Amino acid sequence: MDLLHDLSYFWPAAITSIGGLAAMMAAAFKTDMRWVNAVAVFTALSATVVAASDLVAGHSGLLFSGMVAHGGTAAFGTFVVSLGTLFTLVLSRSYLEKIGHHYAEVYALILFATTGMIVLASATDLVALFVGLETMSVCLYVLAGLVRERKTGIEAALKYFLLGAFSTGFLLYGIALLYGATMSTSLDVIAATTDKGGLYWAGVGLLLVGFLFKVSAVPFHMWTPDVYQGAPTTITGYMATAAKTSAFVAFILVLGRGLQGSVEQWAPVLEIVALLTMIVGNLIALVQHDVKRMLAYSSIAHAGYALVGLTAGTLSGYDGVLFYLFAYTLMNIGAFAVLAYYETADGQERSTLEQFAGLGWQQPALGVALSIFLFSLAGMPPFAGFAGKYQVFAAAIEQGYITLALVGVLTSAAAAFYYIRVMVYLYFKSPEQPVSLPAVDRLYGWTILLLAGLTILFGVMPSLIVNLF
Amino acid sequence: MISLPWFLGLSAVLFTIGTIGVLIRRNAVVMFMSVELMLNAVNLSLVAFSAHFGDVHGQMLVFFALCVAAAEAAVGLAIIIAIFRNNLSVDITKINLLRW
Numbered sequence: 008m009d010l011l012h013d014l015s016y017f018w019p020a021a022i023t024s025i026g027g028l029a030a031m032m033a034a035a036f037k038t039d040m041r042w043v044n045a046v047a048v049f050t051a052l053s054a055t056v057v058a059a060s061d062l063v064a065g066h067s068g069l070l071f072s073g074m075v076a077h078g079g080t081a082a083f084g085t086f087v088v089s090l091g092t093l094f095t096l097v098l099s100r101s102y103l104e105k106i107g108h109h110y111a112e113v114y115a116l117i118l119f120a121t122t123g124m125i126v127l128a129s130a131t132d133l134v135a136l137f138v139g140l141e142t143m144s145v146c147l148y149v150l151a152g153l154v155r156e157r158k159t160g161i162e163a164a165l166k167y168f169l170l171g172a173f174s175t176g177f178l179l180y181g182i183a184l185l186y187g188a189t190m191s192t193s194l195d196v197i198a199a200t201t202d203k204g205g206l207y208w209a210g211v212g213l214l215l216v217g218f219l220f221k222v223s224a225v226p227f228h229m230w231t232p233d234v235y236q237g238a239p240t241t242i243t244g245y246m247a248t249a250a251k252t253s254a255f256v257a258f259i260l261v262l263g264r265g266l267q268g269s270v271e272q273w274a275p276v277l278e279i280v281a282l283l284t285m286i287v288g289n290l291i292a293l294v295q296h297d298v299k300r301m302l303a304y305s306s307i308a309h310a311g312y313a314l315v316g317l318t319a320g321t322l323s324g325y326d327g328v329l330f331y332l333f334a335y336t337l338m339n340i341g342a343f344a345v346l347a348y349y350e351t352a353d354g355q356e357r358s359t360l361e362q363f364a365g366l367g368w369q370q371p372a373l374g375v376a377l378s379i380f381l382f383s384l385a386g387m388p389p390f391a392g393f394a395g396k397y398q399v400f401a402a403a404i405e406q407g408y409i410t411l412a413l414v415g416v417l418t419s420a421a422a423a424f425y426y427i428r429v430m431v432y433l434y435f436k437s438p439e440q441p442v443s444l445p446a447v448d449r450l451y452g453w454t455i456l457l458l459a460g461l462t463i464l465f466g467v468m469p470s471l472i473v474n475l476f
Numbered sequence: 018m019i020s021l022p023w024f025l026g027l028s029a030v031l032f033t034i035g036t037i038g039v040l041i042r043r044n045a046v047v048m049f050m051s052v053e054l055m056l057n058a059v060n061l062s063l064v065a066f067s068a069h070f071g072d073v074h075g076q077m078l079v080f081f082a083l084c085v086a087a088a089e090a091a092v093g094l095a096i097i098i099a100i101f102r103n104n105l106s107v108d109i110t111k112i113n114l115l116r117w
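These protein sequence lines map, in sequence, to chains R and E.
Using this note's numbering, the letters of the first sequence map in sequence onto residues 8 to 476.
Using this note's numbering, the letters of the second sequence map in sequence onto residues 18 to 117.
Hints may be right or wrong, so weigh each one.
[Unchecked claim] Below, a sample of chain E positions facing chain R; criterion: calculated Cβ distance under 7 Å:
| id | residue |
| --- | --- |
| 1 | VAL73 |
| 2 | PHE101 |
| 3 | ILE112 |
[Said to hold, decoys possible] Selected chain R positions facing chain E (Cβ under 10 Å, derived; list incomplete):
| id | residue |
| --- | --- |
| 4 | PHE137 |
| 5 | LEU170 |
| 6 | GLY171 |
| 7 | ALA172 |
| 8 | THR175 |
Source of the hints: derived by calculation from the structure; they are not laboratory data.
None of the values given here were measured: they were computed from a predicted structure.
Each residue gets a CB set at the ideal place from its N, CA and C atoms; glycine is no exception.
Produce the complete structure using the sequences and hints provided.
Written out as structure tokens, the structure reads:
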């Protein structure tokens, strides 16, 4: 009975795992792919709706003998992950059809990865955290190498796999040492520890290394650009948003729930990492010619901005990070979706800046949407990216991290250069040969416009989300 | 009766060997073996702590870690086979299309 009762608060993960099994069965029976896509989208939609209603209901507590939490931060993480999955599934169909890799297994893997992300984003015990993280990672290794005939695709999968498994080793060792120091894997028990010896600090350090790998913070970022460039574009959008969101939410739960008592010790470490991440991510993005790779470096920089909020180590900092992740999910999935369209529209595999010349005048709605996403990523008002940045920097200043906020604002200004350069190519350069892009799939186009609309909406009225915390 | 520090020492040594292996070896299969060594070194620590405390939680985590390592092996070897078919080599210095 207890199990069923607890499950009733954990529907999103249950729904996505059942949906994944259904997609797998559909693959076995060679069902029509449109139908499989519809089932997957419906699954993600129901998970999103349930997660949203959980979020609004505002109850909170622990489930499954204290393994996962529901409500609060966990509910918000679940909601953002489900939303990201929903948009990815809707957008993936037309892209995967065009690159000729439209398999039912893709949907199964995405839904299983989502299940892992939801567990990760609501874990209050290091065992659940580990299981959730690995469920997500193993699925993502496969998805990164989906196009296995293309050398870059499989190379991305190998790099992701080797470095991901390597970082898992550190994370697991951190968990083991924390268990040795506190005799428990529960975050609440770890928080209550007063006897902090060498084992405890070694455990915390290794756990941080593992997490910084997963959120691609400098100096553990080397895998990110290669993986993001090599993976299929809509999947890259999924990895950059949903996977990163769930890792950050788990990071917030671990730091805020389990290690809040040691904030004076870990905050300086995160401060340095955040500084490095913002500077290195933005500087290398400046010199990229491949737009997809540029967005990968920009995602490293954005991890740096989110780390600013974590460094603050206060409730307002954590809330700022949550809003940031939500805004980032909307605008980044949108940006990758437009890139996916440009890449596949007429079989040219466009991805460099030069190939983007003059594309803004073809399919004007998509050009405008991409501009909105890029302005929002650059952090310009009135888009959602600005509201997110404002909140994390404000939380950092409250705690006296002036340098951090200053570097954040300066690097954002530098970042505007490489975002706007894309728009310069889109609108002010003429292509070498005249191009004409075919019309976009109707559902695909409307989804992108919806994302652009949401990016503006939550930029103008961030209180819609902020009031939920 | 061997005391706890011996187990932890052995586990730390194995973990270090695994880490160094990943960093200096250039063959994808050997790198993967080194990662497995790291995971199993951690399992040794967990089991030692668990026995020392007389608490089952550590052993429970070991079971999960074993399952995860098995799943990773399945996926990882599949990826390595796919890359071998493309390159006729699993030497990671020859897998360098994506850089900068």
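Practice item. If any of the earlier hints don't hold here, list their numbers in rising order. Key: 1, 2
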